[in-house]
Amino acid sequence: MRQDTWLDALAGELRRHGVAEQTAGNVLAETAAHLWESGDDPLRAFGPPEAYAATVADSVRVDAPRRGPAGPVRLEVAGISKRYGRRTVLRAVNLTVRAGEVAAVVGANGSGKSTFLGICAGLVSPDRGEVRVHGSLGYCPQGGGTSDFLVPDEHFTLVGAGRGLSRARARDDGRAGAAALDWDPRGGTQARHLSGGTRQKLNLVMAGLGDPDVLLLDEPYQGFDQGSYLDFWQQVRRWRDAGKAIVVVTHLLNTRDGVDIVLDLGRHTEERA
Amino acid sequence: MSKTLTVAETALREIARRRGVLAILVLFPLAFYLSRRDAHLGQSIRFVCLGLGWALSTAALFAGSAARAIELRLRLSGYRGHHLWLGRLIALWTVGLLLAAPYFVLIRVDSDNVRYGAIGLIMVLTVAVAAPFGLALSAALPRELEGMLVLLIIVGLQMMMDPAGSASRLLPFWFSREIGTYAVDHTDGGYLTRGLLHAAVCLAALLAVVALASGYRLRQRSHLRFVPRR
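Each protein sequence line maps, in turn, to chains E and P.
Counting along the first sequence from 1, when you hit position 51 you're at 51 in UniProt numbering, and nothing is skipped either side.
Counting along the second sequence from 1, when you hit position 13 you're at 13 in UniProt numbering, and nothing is skipped either side.
Keep in mind that the hints were calculated from the coordinates and are not lab data.
As the structure is a computational prediction, the values presented were derived from the model and not from experiment.
Worth double-checking, as some hints may not be accurate.
Stated by the list, open to error - Here are the in silico distance ranges between beta carbons for each label pair:
1. P:Arg17 <-> E:Trp36: 47 to 57 Å
2. E:Arg91 <-> P:Ala167: 44 to 54 Å
3. E:Ala108 <-> P:Arg68: 24 to 34 Å
4. P:Val227 <-> E:Arg86: 30 to 40 Å
5. E:Ser166 <-> P:Ala167: 46 to 56 Å
6. P:Arg143 <-> E:Ala179: 16 to 26 Å
7. P:Val227 <-> E:Ser195: 35 to 45 Å
8. P:Arg17 <-> E:Ser195: 12 to 22 Å
9. E:Asp8 <-> P:Ile24: 44 to 54 Å
10. E:Ala45 <-> P:Arg143: 58 to 68 Å
11. P:Val227 <-> E:Leu43: 47 to 57 Å
12. E:Asp225 <-> P:Ala200: 54 to 64 Å
13. P:Val124 <-> E:Ser166: 30 to 40 Å
Just so it is clear, CB atoms sit at the ideal spot from N, CA and C, and this is done for glycine as well.
Start from the sequences, fold in the hints, and give me the full structure.
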């Protein structure tokens with residue numbers, strides 16, 4: 001692989017991993033200098049850019065600046081219980097998420113993660129408990145939620161109109177959200193022709209349109225490749241830094257994902273980082 | 001209103017891209033028309049109106065079923081129930097009128113000694129009733145197959161039952177036969193009045209079902225409260 005191609009790829013991967021701009025610049029400069037002096041093939045010297053960026057990101061993670069205190073409460077879930085027939089799926093679940101916090105809802109298959117998020121979104125009624133949302137809500141379902149015969153721009157326009165956005169604003173915001181996930185939605189491909197991962201990117205962008213205060217994301221990365229998965233968590237961090245309260249249902253919680261709260265529905269515990 | 005029109009525009013785009021479905025929708029009433037063309041032109045005219053109703057009801061049934069998943073997220077994105085069902089209805093009514101227009105021209109060219117104004121009226125009323133009928137079925141029977149079977153039964157009964165019998169008045173397109181008789185057989189205005197009244201009652205009842213079903217399905221659940229940002 002040519003050195004400049006490899007370095008470009010490394011720069012992109014460092015960005016995906018959330019490595020600070022200055023740190024990334026230093027790493028790139030040192031790496032380029034080494035390659036220049038040694039004349040080595042970058043793949044032989046450092047390996048694939050994705051793997052090298054992951055190693056760099058791990059080594060500099062401790063240097064990440066701490067964020068300020070979380071803001072006001074945006075989502076309050078109190079005493080939610082839900083039964084399906086004789087099976088109790090959720091028992092007196094509580095969760096409070098503030099502006100600028102990310103909560104991960106984890107648990108084994110069938111532990112009620114999606115049911116819990118559906119209750120938070122008001123799509124499913126609980127047997128007991130209540131949910132209070134301070135502000136507006138954005139929701140990304142695990143599947144569905146798109147229209148087969150519409151192109152991405154039309155999805156943005158449709159959701160944007162509900163949020164009170166003009167057509168141009170909805171389209172531009174949608175395209176910007178897609179670019180953050182390394183996806184160019186222009187070209188008029190109908191949703192039915194998108195791959196599963198790209199369709200989920202569309203779902204995710206639609207959830208964030210209109211700047212909602214609370215984002216409920218139900219395993220939104222299904223079908224994502226490793227790069228898109230990292231882009232997704234980068235986007236979550238951007239939303240968090242913008243003061244959103246985010247709840248992510250996941251079964252792939254990585255220690256590097258940096259969530260503030262973990263609600264384990266398998267063990268019925270809530271832990272704060 | 002802009003939200004309703006956005007839903008209508010989007011629904012029209014979706015229907016326009018289903019080219020196979022559109023082709024079948026266009027040809028479906030023609031098969032009905034041709035089936036009795038040689039024997040009894042009046043019956044052909046009645047059948048083509050029923051065919052229109054059947055085709056549009058089916059399209060509405062599938063459009064309603066396909067929209068269920070995205071409607072939930074649109075409700076969370078700021079739409080109210082009536083934006084969604086009314087927008088979809090406007091789209092279906094537009095498709096229905098575009099579908100009916102060539103058949104009106106066909107009848108105008110192919111037949112004489114019928115009341116063309118009444119034929120046009122049947123087509124407009126059929127389009128008006130068929131769209132909410134299909135949407136009401138999709139609301140009551142979320143699985144498409146069940147909805148389609150019920151639609152088959154109702155339209156089948158509509159074609160087989162004696163229109164003079166009182167039970168047939170419970171069927172949604174009874175008015176079509178009644179006004180059709182006025183148009184083709186030049187009967188007295190009582191047929192027209194009864195047909196108009198039946199169509200108005202059916203339309204009102206079906207719109208009420210669609211509105212209530214949509215309102216219930218997309219209601220804000222009592223456990224969820226939105227409070228202003230602090």
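Name the hints, by number, that the structure is in violation of.
The structure conflicts with hint 6 only, although it agrees with all the remaining ones.
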